[in-house]
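Given the coordinates of chain A, assemble chain B onto it according to the supplied hints.
2 protein chains.
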Amino acid sequence: MIYIGVMGHGTVGSGVVEILHKNRGTIAQRAGDELVVKRILDLKTFDVPYMEIFTKNADDLLEDRDIDIIVETMGGINPAYEFTKRALNSGKHVITSNKELVAQHGAELLAIARENNVNYLFEASVGGGIPIIRPLKQCLAANQISEIYGILNGTTNYILTRMKRAGLSFEEALEEAKEKGYAEQDPTADIKGYDAGRKIAILSSIAFEGHVPYTGVYTEGIDDISHIDMLYAEEMEYSIKLIARARKYDNGIFAMVSPMLISNFSPLADVEDVFNAIMVKGDAIGDVMFYGQGAGKLPTASAVVGDVIDAAKHLNGTKKEPDGNGTVMNVLSIDDYESKLFMRLKAKDIDGLRSKALEVFEGAKLISIDDPGAMDEVAIVTPPITEGDVENLLSSLSSGVEDFEFIKSIRME
Amino acid sequence: MIYIGVMGHGTVGSGVVEILHKNRGTIAQRAGDELVVKRILDLKTFDVPYMEIFTKNADDLLEDRDIDIIVETMGGINPAYEFTKRALNSGKHVITSNKELVAQHGAELLAIARENNVNYLFEASVGGGIPIIRPLKQCLAANQISEIYGILNGTTNYILTRMKRAGLSFEEALEEAKEKGYAEQDPTADIKGYDAGRKIAILSSIAFEGHVPYTGVYTEGIDDISHIDMLYAEEMEYSIKLIARARKYDNGIFAMVSPMLISNFSPLADVEDVFNAIMVKGDAIGDVMFYGQGAGKLPTASAVVGDVIDAAKHLNGTKKEPDGNGTVMNVLSIDDYESKLFMRLKAKDIDGLRSKALEVFEGAKLISIDDPGAMDEVAIVTPPITEGDVENLLSSLSSGVEDFEFIKSIRME
Numbered sequence: 118m119i120y121i122g123v124m125g126h127g128t129v130g131s132g133v134v135e136i137l138h139k140n141r142g143t144i145a146q147r148a149g150d151e152l153v154v155k156r157i158l159d160l161k162t163f164d165v166p167y168m169e170i171f172t173k174n175a176d177d178l179l180e181d182r183d184i185d186i187i188v189e190t191m192g193g194i195n196p197a198y199e200f201t202k203r204a205l206n207s208g209k210h211v212i213t214s215n216k217e218l219v220a221q222h223g224a225e226l227l228a229i230a231r232e233n234n235v236n237y238l239f240e241a242s243v244g245g246g247i248p249i250i251r252p253l254k255q256c257l258a259a260n261q262i263s264e265i266y267g268i269l270n271g272t273t274n275y276i277l278t279r280m281k282r283a284g285l286s287f288e289e290a291l292e293e294a295k296e297k298g299y300a301e302q303d304p305t306a307d308i309k310g311y312d313a314g315r316k317i318a319i320l321s322s323i324a325f326e327g328h329v330p331y332t333g334v335y336t337e338g339i340d341d342i343s344h345i346d347m348l349y350a351e352e353m354e355y356s357i358k359l360i361a362r363a364r365k366y367d368n369g370i371f372a373m374v375s376p377m378l379i380s381n382f383s384p385l386a387d388v389e390d391v392f393n394a395i396m397v398k399g400d401a402i403g404d405v406m407f408y409g410q411g412a413g414k415l416p417t418a419s420a421v422v423g424d425v426i427d428a429a430k431h432l433n434g435t436k437k438e439p440d441g442n443g444t445v446m447n448v449l450s451i452d453d454y455e456s457k458l459f460m461r462l463k464a465k466d467i468d469g470l471r472s473k474a475l476e477v478f479e480g481a482k483l484i485s486i487d488d489p490g491a492m493d494e495v496a497i498v499t500p501p502i503t504e505g506d507v508e509n510l511l512s513s514l515s516s517g518v519e520d521f522e523f524i525k526s527i528r529m530e
Numbered sequence: 118m119i120y121i122g123v124m125g126h127g128t129v130g131s132g133v134v135e136i137l138h139k140n141r142g143t144i145a146q147r148a149g150d151e152l153v154v155k156r157i158l159d160l161k162t163f164d165v166p167y168m169e170i171f172t173k174n175a176d177d178l179l180e181d182r183d184i185d186i187i188v189e190t191m192g193g194i195n196p197a198y199e200f201t202k203r204a205l206n207s208g209k210h211v212i213t214s215n216k217e218l219v220a221q222h223g224a225e226l227l228a229i230a231r232e233n234n235v236n237y238l239f240e241a242s243v244g245g246g247i248p249i250i251r252p253l254k255q256c257l258a259a260n261q262i263s264e265i266y267g268i269l270n271g272t273t274n275y276i277l278t279r280m281k282r283a284g285l286s287f288e289e290a291l292e293e294a295k296e297k298g299y300a301e302q303d304p305t306a307d308i309k310g311y312d313a314g315r316k317i318a319i320l321s322s323i324a325f326e327g328h329v330p331y332t333g334v335y336t337e338g339i340d341d342i343s344h345i346d347m348l349y350a351e352e353m354e355y356s357i358k359l360i361a362r363a364r365k366y367d368n369g370i371f372a373m374v375s376p377m378l379i380s381n382f383s384p385l386a387d388v389e390d391v392f393n394a395i396m397v398k399g400d401a402i403g404d405v406m407f408y409g410q411g412a413g414k415l416p417t418a419s420a421v422v423g424d425v426i427d428a429a430k431h432l433n434g435t436k437k438e439p440d441g442n443g444t445v446m447n448v449l450s451i452d453d454y455e456s457k458l459f460m461r462l463k464a465k466d467i468d469g470l471r472s473k474a475l476e477v478f479e480g481a482k483l484i485s486i487d488d489p490g491a492m493d494e495v496a497i498v499t500p501p502i503t504e505g506d507v508e509n510l511l512s513s514l515s516s517g518v519e520d521f522e523f524i525k526s527i528r529m530e
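Protein chains in written order, with the numbering used here: chain A, 118 to 530; chain B, 118 to 530.
Careful, some of the hints might be misleading.
Since the list gives no way to pick out one identical chain from another, each pair is judged satisfied if it fits inside one copy or across any two copies.
To be verified - In silico DSS-like cross-links for lysine-lysine, where the CA-CA straight-line distance does not exceed 30 angstroms:
(1) K254 to K414
(2) K161 to K281
(3) K202 to K297
(4) K398 to K254
(5) K430 to K202
(6) K254 to K430
(7) K430 to K155
(8) K295 to K254
(9) K281 to K398
(10) K430 to K297
(11) K173 to K465
(12) K173 to K463
(13) K281 to K309
(14) K155 to K414
(15) K173 to K398
(16) K295 to K398
(17) K173 to K202
(18) K295 to K161
(19) K525 to K254
(20) K414 to K139
(21) K161 to K173
(22) K173 to K309
Calculated directly from the structure, the hints in this document are not laboratory data.
Computed from a predicted structure; not experimentally measured.
Looking at chain A on its own, in the form it has when it is part of the complex (with noise of 0.2 angstroms):
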């Protein structure tokens, strides 16, 4: 029998209770034992029939000796942070969904649980069911990799969907997912980019084995996007999409958050609703997709009693893995980022604007939508170009061009 105290009774924690319930024959064959959870953690009381085990104390967990995996599903820094310290110290496993912690401490945490013989395991915190972490750290062990990207936020992806298949406007398709619960009433993090852009940083610090700060990662997000960039993507057969990608270099690694146009021949165009999809680049392996729903209840704990699984089976030790040396990884400036740029310019006399936009982007090529919206712009795709060549151009083109107007650009895939 192993012992089991969750802390935390919110969605991710209540799920894991759950399953560890329901399909509790199978997961002792699988974890070689019995797991049974001993105590949950959460200041709330809930109506359930095991009211029993809930305690309000965190003591009650970190100090049974018999609790030999805590599951820390309460997200947030503190008082998560604590506990999980804590629970390391004391020769206890941890198995969380909370990403937040682990981008801002993973690697603090990470070498805590090696210094006590211990297992810090955080599937969950990435893509949530979908397995990422371990198939990155054992099945691609063989790869240099190279590159990750993908998309690992499901309320935007949600919202995106809808502008593009509903005809929405971003507040409309931000209100509808709010309705049916998947984005927050303060959707900040997820809109702005900001959850996305932690997963990245979690994602890379294990491909490229090194200590990727969260803070480093460039972010911007989906809520300049509208209905006309919608109109366009679609003349162009290409779908908007918040990409999150991870490059390595020679001499460091870039990570960055955007919306980005994609081919709809690209298998990532097609991912729709509040799914994900990661693509990992190997040396050996070429191109690589994970797909399936990035959160929710059941798939995101799915994925914590995997680690619980895992770390029963490892109960006396770490397993090995390689957790990189936590070196802090040098990470590069956007201004050296090269790619395509979907454009959208103003100006009064639009014929002078579209003859000196080409003038300028070299190579470009016009794009139009028939659409009252569009009528009085130049919609230009450019060549590759750096992000620190872009603003030159602008200028030089602004100079000549008299009430020159810049509404925006999209990267492309």
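Showing chain B alone in chain A's frame:
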């Protein structure tokens, strides 16, 4: 230093040697020790810098007590079967990409491995480099898996992609696949679905934790798919794919390989060329998909080396993994399988056939395309019916229509 013996220096075997050499630094770090190829068994002679470690005598590997891990990349049943048994019985871990052997003798070889406290690992036998077996065993351990389905054969997927995109006939596309090295000179195992059948047998044995004999997998190939079928698919916004599928029922397993019409909105529809994709349905996780190159030298070798690293980390004993209890599972007859069918029918009296078909297949919808090759036929999509019922319905249709001819049917997702 951990010594490895490689049996078979063909496409995959030479890829394994290449990756172990190229990425030796990071691999040593991840495995916790240096991995060195000590001997290579092959009857052919190769002009490579490591010629001196080749041998034509299997005993040089099997009786070398320094060698802890055997990589079996010979393919075929004999002599791989005997060599694998000898290796396992002498306490060596065996890693293989040999799907024929795993599908036919996997259960027995796993039992022998367990008896000898070593591992028999075969991630590379399904889906080339795509991580699927380890995620199934570990990441999805919290789930009851109810279904696995997907595109498990790259050769046929390439042929179907070229038929769809370039309008080629089956024969032309097969010829092109041969020229590009994607199809073997004798392509039977691929185009008849036998290869995919072996792979779905392996996957379902793991997912359903019992032995699913590959001989029980109902198999249809793609050699009957025509240009006209592709046009109908396009009209319906569907794509034709060779789908392998296994589903668990209370009284057994159903497993099948056949061409299927897949909605263009399904992520599987966009899996093109030689790529593979595998969907898994679990009670907690919902749908999760794994996508990547299902074959090829380095992708497949990547999976083999991933397993080698795993074996190296668990050198002194098997990993605690559920391999099922070896019980042979009941494979259900295809007669009870229910699906919508796309059906092409012919008769002299087209109008009579049309109305009679809609009468017999109640609730069916007519499909028509504007192509000379489809002028004298009737195409319908039936409501879901079982395979067993189809025959009866067709015979009552044929008895009421003069010169009735059943052209073909294709199952629909």
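For this session: Output the numbers, in ascending order, of every earlier hint that fails for this structure.
Result: Checked against the structure, the hints that fail are numbers 2, 3, 8, 10, 11, 12, 15, 19, 22, while the rest are satisfied.
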